[in-house]
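The listed protein sequences correspond, in order, to chains G and H. The first sequence maps to residues 0 to 250 in numbering that gives the first Met the number 0. The second sequence maps to residues 0 to 346 in numbering that gives the first Met the number 0.
What you were told as hints is all true, and nothing was included just to trick you.
Straight-line alpha carbon distances no greater than 30 Å define the calculated DSS-like cross-link-like pairs of lysine-lysine that follow:
#, chain 1, residue 1, chain 2, residue 2
1, G, Lys27, H, Lys285
2, H, Lys264, H, Lys319
3, H, Lys14, G, Lys16
4, G, Lys27, H, Lys13
5, H, Lys14, G, Lys26
6, G, Lys16, H, Lys312
Keep in mind that the hints were calculated from the coordinates and are not lab data. Computed from a prediction, not measured in an experiment: that's the story for all the values here.
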Amino acid sequence: MSDPNNEEPFFIGWEEKPAAPVSAFNKKVSVALVVIAIVVAGIVAAAQRTISTAWFDFGNVQEFTGVLIKSPTPMLITDNEVEGEKIFYLVARNKYGFPEAVAEKHHLQQIKLMGTFLGDELEAMIEVVDGSVSAMGKTDTMPLPESEIGTATVRGEIVDSKCHLGLMNPGRFKPHRACAIQCLMGGIPPILVAQTPQGQLAHYLLVSTDGSAINDAVLDYVAEPVEVTGTLKRVGDRGVLYIDPATINRL
Amino acid sequence: MSVSYKAVGWTAFKKRYDWMLVVAVVLFIGIFTSVGLASHPAITLEILLIRATAVAAITLLHVILAIGPLARRNKLWLPMLYNRRHLGVTMFLLAFIHALLVVLTYHAGGPTNAIVSIFTSDIGARMAAFPFQAFGFGALLILFVMAATSHDFWLANLTAPVWKTLHMGVYFAYAMLVVHVAFGFLQAETSPAYVILMGIGVLTIGGLHLMAGWSQKGIEEEPNRSPDDEDYFEVCKLSDLTENIPFGNSINGERIAVILYEGNKVSCVSGVCQHQNGPLAEGQFKYGCLTCPWHGYQYKPNDGSSPEPFTEKIPTFDIKIVENRVLVKGKPNPAGTPVEPAIYNHS
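Construct the complete structure from the given sequences, taking the supplied hints into account.
Here's what the structure looks like:
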């Protein structure tokens, strides 16, 4: 039999004061848990590797002027550089692409519009305020030089351009797949994010061989490594891959 | 213990406990967002918060799951267990904020209904299409049911066995969340730190539960029937008993607690607390009662009833001492039935 005065420590929640050993132990445990919280939070936050440099100028709606072209995807070629860029993909709010009818109506027109900048070191985009596009004049000449580079095979990940260019950061990989699918279904142009042999990121706008939108055909390939073969063209400084979606290969 | 329902029966201890919890959660989110913004300035705030709340929730879930087996091995952990339901509700709220932000960020604002999108965007056997979000959604539903029924009102109305079974769902939720993380976040963020942390978490929880299960192994074994009387089982020797510390065993699968108290009295009651099915055999004899280690519910050893004004009752067992052997009748008495204690003659 043990000495009843020498029982192991016991805790009863409704007692006014816990036994001294119980109290001392739990003070140490509390401190340890706070330290664990700090360490885990710090490590997990610092170890993230998928954050790019893309950014969305949230809340700063500004006026842009330039020439609108409707293909290979709606773009605005601005008169002056904005954030170091003159070529902007155009999209609508939320997860929707730029309205086709508006692009058709203002193709090769000098226009002004209101919108918000987003982009990274490679490309830029404008999230256009609904109904803000207005014509300023007409031009008949394509404002961007186009050239065919030839057949190209590129490995990378298909993403929606809006999230990748900063609406979300990171706007790639598995956790973002559902969002990318919604954006592509809504008409946001798809791009292939690839890596150059030098380890730099490269973007290729994806369209079908006849230049039409290819969104629905690439939904099942989003957010996984793929190999794409097609005709590579330069539109201004943008790479555009004209592809047959049947030739997309999962890696 | 209480005789009526209150939203929370606040005590000084519970207030201190919850303050520590709030401080830890705020500190966690604050450090995560600060370090996240400092090391990755371009990260968008909603994604930073999605990740902060997710990591906070799953870290807290590991703490919650570790407390039970730790308290079984060392009673110094009991204060952590006492208010564990508040940890659970807090963890659910963090998980809910995470899920809400995910739905608003990734699923809303597109051509498909946001909830439908959760289940339709990932369909397929490939790693890239593995439906990790459906697993997260399922886990959130379980955690919601647990948080919503965490109050003693539900415990009393569902009955302790049903409530306990329902709340064992936390292990399904945990398994689903491990899948959710492994096939979601870990497919994008490839730093070894994440795999190591998750691995440590899973191994710790698994290891602690295995150890706790191992320590209960003896209790699960059926004791021998008494050769003198077929109705009785030899549950222990007198030398196994320590005053005021119950001895646990089981008869016909029912857990019992044999207790030596007040110098020479030996009684046997059910080993299952009426409150949350807590392990009475891991309690102590305090203030004249066998006291549950989880929330301090008390039962008089001679009749299994709680001291007035409380009304909880547990079954009692007929008991006798033959030579050095403690014999307990296999069939329990109805809850609250008085039973004369056996007398331990120390001579």
